[in-house]
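Please build the complete structure, drawing on both the sequences and the hints.
Heads up: the protein sequence lines correspond to chains A and B, in order. Be aware that the first sequence starts at 2, since it is given in the numbering used here, and climbs by one per residue. Be aware that the second sequence starts at 2, since it is given in the numbering used here, and climbs by one per residue.
I should point out that these hints are in silico values taken from the structure, not numbers from a laboratory. Keep in mind the model is a prediction, meaning the values are calculated, not measured. Keep in mind that a hint or two might mislead.
Which copy? The list can't say, so a pair holds if one copy fits it or any two copies do.
Unchecked claim - Capping the alpha-carbon separation at 30 Å, the derived lysine-lysine pairs in DSSO-like fashion look like this:
1) LYS4 with LYS327
2) LYS342 with LYS52
3) LYS327 with LYS101
4) LYS52 with LYS327
5) LYS52 with LYS4
6) LYS101 with LYS342
7) LYS92 with LYS342
8) LYS101 with LYS4
9) LYS327 with LYS342
10) LYS52 with LYS92
11) LYS92 with LYS327
2 protein chains.
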Amino acid sequence: MTKQALRLGVAGLGTVGGGLVRLLATHRDRLALRIGRPIEITAVCARDPNKDRGLGNALGSATWYADPVAMAADPAVDVMVELIGGETVAKAAVEAALSKGKPVVTANKALLAHHGVALSRMAEAAGVALNFEAAVAGGIPVVKALREGLSGNRIEAVYGILNGTSNYILTDMAARGASFESVLAEAQALGYAEADPSFDVDGIDAAHKLTLLASLAFGVAVDFDSVPVEGIRGVSAQDIAFARELGFRIKLVGIARMTGEGLDIRVHPVMVAEGSALAHVDGVFNGVVVQGDFVDQMVFEGRGAGAGPTASAVMADIVDIALGLKLPLFGVPTETLVPAKVAPVTARVGACYLRLSVVDRPGVIADIAAILRDERVSIESLLQRGRAPGEAVPVVIVTHEVAEAAMVAALTRIGNLPSVLEPPTMIRIEEIKRA
Amino acid sequence: MTKQALRLGVAGLGTVGGGLVRLLATHRDRLALRIGRPIEITAVCARDPNKDRGLGNALGSATWYADPVAMAADPAVDVMVELIGGETVAKAAVEAALSKGKPVVTANKALLAHHGVALSRMAEAAGVALNFEAAVAGGIPVVKALREGLSGNRIEAVYGILNGTSNYILTDMAARGASFESVLAEAQALGYAEADPSFDVDGIDAAHKLTLLASLAFGVAVDFDSVPVEGIRGVSAQDIAFARELGFRIKLVGIARMTGEGLDIRVHPVMVAEGSALAHVDGVFNGVVVQGDFVDQMVFEGRGAGAGPTASAVMADIVDIALGLKLPLFGVPTETLVPAKVAPVTARVGACYLRLSVVDRPGVIADIAAILRDERVSIESLLQRGRAPGEAVPVVIVTHEVAEAAMVAALTRIGNLPSVLEPPTMIRIEEIKRA
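In structure tokens, the structure reads:
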């Protein structure tokens with residue numbers, strides 16, 4: 002008995018779409034063995050059907066569409082694979098497929114971070130899966146881990162290095178002692194960073210992914226616009242060097258924790274201790290730490306982007322659909338998602354790294370120390386490097402745990418001292434319990 | 002509409018069984034929300050029903066059985082959870098449940114390493130799931146990752162630190178410069194090691210788990226008795242210290258790779274480079290590296306044992322059954338499993354660390370170097386530490402890649418030199434590409 006093929010309509014033939022076509026061509030038999038029937042691409046959607054994508058005749062007799070909404074309606078398409086990106090055409094395509102009762106696989110974090118709850122409701126009403134493993138941390142099966150593998154836990158916290166481009170830049174800055182600007186320019190030349198890098202380096206992409214992880218981990222609906230986000234443009238080679246000297250690495254980390262104040266969710270540069278779980282996730286790799294009440298700490302590391310890893314995740318979602326697995330988008334019925342009360346960053350209590358550029362003259366440190374004392378910020382260590390009487394020298398301070406509001410108040414006052422020459426730099430230190 | 006509960010029969014109320022009871026008591030509502038119906042323990046099986054297990058009244062009105070086979074027949078049991086361990090009673094219990102058409106969840110690696118293929122066939126014939134996430138790497142959802150999350154890949158290699166006890170011992174030996182014997186004794190006193198530690202420290206437990214990972218990764222049936230296994234009794238504090246000096250850590254690693262010679266599968270102490278993925282998996286933690294053709298390198302780290310993490314994995318398997326997910330034991334139909342041709346360790350080609358205890362007198366190194374030259378073993382570095390003319394001093398050699406057979410031949414000859422005082426120590430160096 003030959004079972005009927007599972008027929009895919011693939012919208013978007015860029016890097017990920019091309020990777021998926023190649024993966025299927027490479028592993029057609031292996032996958033058929035696994036799911037008991039072949040998988041075929043019966044329709045594709047891309048702007049220019051004549052462009053050479055290096056896919057040879059891997060697309061065979063697939064029907065070409067210019068409009069993914071039209072493709073969704075093709076009766077020869079069982080599953081819509083949305084790899085277009087963005088929130089307009091992609092949204093229309095996903096909605097069209099769901100409204101036809103067809104399951105959808107997407108790699109689109111922006112779409113789900115903004116419209117996940119509504120789409121979850123649609124998929125649920127249609128009784129079909131809307132899978133998005135590839136939308137978070139590329140090839141790492143962390144959506145599956147949170148939705149299934151760790152389902153017996155109350156998740157306490159999720160920490161992630163979720164953007165490969167910014168992690169590559171920070172890693173390269175550290176390796177070469179180079180500035181953000183010069184490393185970014187080189188990453189752009191090498192194709193590791195986009196011409197407009199803001200989604201990556203300003204933390205927006207990481208925040209999209211973190212929002213999805215938070216919904217999965219805590220069963221909450223998150224208003225994306227309420228998530229505090231700060232990127233890596235302000236991280237200097239000097240801060241990276243001082244961090245190293247103090248036993249830390251600087252990473253762009255997404256943090257999501259349930260606290261008494263609400264959902265503590267934020268993306269910003271973080272100093273993590275040398276030996277901690279995320280410290281050695283370098284280059285384009287992503288890493289996710291999940292803290293669960295029964296499992297304790299779990300760490301996942303892998304490639305967060307690229308054709309192969311992303312296609313791997315997309316295919317896993319397709320295989321799940323072929324096997325009949327059908328879970329709500331965020332693991333629980335949409336109606337039970339609780340709107341998250343996002344805690345303000347000012348509610349944070351934690352250690353901080355401060356770097357000040359001060360005039361090297363007697364009494365400056367005393368002035369700074371007095372302000373910190375007044376604002377009840379306790380100093381753990383202080384470094385003053387180089388001597389250049391009358392000129393600018395860096396002063397680095399690591400604080401004990403401090404309320405963010407007090408820290409901000411102190412920094413405002415310190416920044417106003419005449420002997421402090423530049424706005425102070427502050428990087429939060431987060432303790433991620435070591436595996 | 003209240004759906005009928007999913008009713009569990011739990012065989013074995015030791016550490017893991019107790020953990021499962023506690024997990025269910027803690028997360029009853031959370032789990033019911035996830036799967037749409039409650040989970041209940043309706044039957045339990047343990048030798049002494051009157052023993053105080055600290056479970057309060059969490060077991061409610063569950064029926065007590067002395068015989069798990071009888072429990073499997075209880076019509077009030079939908080799913081058998083086998084947490085007895087061993088291969089006799091446990092096997093009978095699993096078979097009884099499968100023969101009644103009931104799905105089974107087990108944490109029993111020994112059972113599956115020896116009888117996995119036969120049990121897979123039984124489960125398949127019965128059309129039910131036989132899930133075993135907890136049998137490999139405790140709380141880490143690596144079975145799910147290989148069976149589902151990475152299903153779009155040809156897996157090229159799996160490397161794992163799979164036994165928490167031996168990893169704890171090696172980590173503690175490194176931290177304190179202590180001997181295997183003294184650390185083992187302390188671990189036994191602390192309850193981290195069994196009174197008879199051989200399953201753990203001789204690599205058998207790790208080999209059970211590795212065998213299961215190999216079947217999942219490569220779709221092969223492995224004859225457990227053909228897997229080369231060497232434990233950590235021969236690792237000395239001196240070797241750990243030299244390893245550190247050379248930029249390595251010594252870990253008990255399970256390796257499984259498909260090669261031209263067949264399945265390269267083995268468990269033994271390995272020197273891994275400082276910066277590589279498994280080097281910092283310390284203490285009781287487990288770590289698994291999976292290399293796939295599309296996803297590239299994936300690393301998973303977490304607690305490999307203990308009540309909480311293991312119960313987390315058992316519950317994930319139960320949830321999968323509740324959600325209707327039903328996969329073959331090793332991800333592919335049993336009949337398609339290919340009997341693995343296990344490559345002999347002598348087929349290995351790789352670098353080695355050698356430590357010799359030699360008499361400190363002129364010409365000794367020349368004799369050793371001549372033998373290595375004759376056997377075509379190329380030296381990468383050589384350390385001779387301490388001077389004590391006429392007495393024993395250690396000589397440490399790191400080789401370039403060398404055929405195992407040549408290495409063994411050279412070591413036999415070297416061991417026979419009159420100036421070499423003890424049988425040479427050899428530890429294989431494995432390069433696990435860094436994430």
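Consistency of the hints with the structure:
1. Taking the shortest alpha-carbon separations for LYS4 and LYS327, both the intra-copy value of 20 Å and the inter-copy value of 18 Å come in at or below 30 Å.
2. Taking the shortest Cα distances, LYS342 and LYS52 never come within 30 Å of each other, neither inside one copy (47 Å) nor across copies (46 Å).
3. Taking identical chains as interchangeable, the C-alpha atoms of LYS327 and LYS101 lie at most 30 Å apart whether they share a chain (16 Å) or sit on different chains (27 Å).
4. In this assembly of identical chains, the alpha carbons of LYS52 and LYS327 never lie at most 30 Å apart, being 36 Å within a copy and 42 Å across copies at closest.
5. Taking the shortest Cα distances, LYS52 and LYS4 never come within 30 Å of each other, neither inside one copy (34 Å) nor across copies (53 Å).
6. With identical chains, the CA atoms of LYS101 and LYS342 are never at most 30 Å apart, being 34 Å at best within one copy and 49 Å at best between copies.
7. Proximity of LYS92 to LYS342 under the C-alpha cut-off of 30 Å is restricted to the intra-copy arrangement: shortest distance 26 Å within a copy versus 50 Å between copies.
8. Proximity of LYS101 to LYS4 under the C-alpha cut-off of 30 Å is found in both arrangements, the shortest distances being 23 Å within a copy and 28 Å between copies.
9. In this homomeric assembly, LYS327 and LYS342 come within 30 Å of each other (Cα to Cα) only inside a single copy, at 29 Å, whereas the closest approach across copies is 38 Å.
10. Only within a single protomer do LYS52 and LYS92 lie at most 30 Å apart by alpha-carbon distance; the minimum there is 25 Å, versus 59 Å between protomers.
11. In this homomeric assembly, LYS92 and LYS327 come within 30 Å of each other (Cα to Cα) only inside a single copy, at 21 Å, whereas the closest approach across copies is 32 Å.
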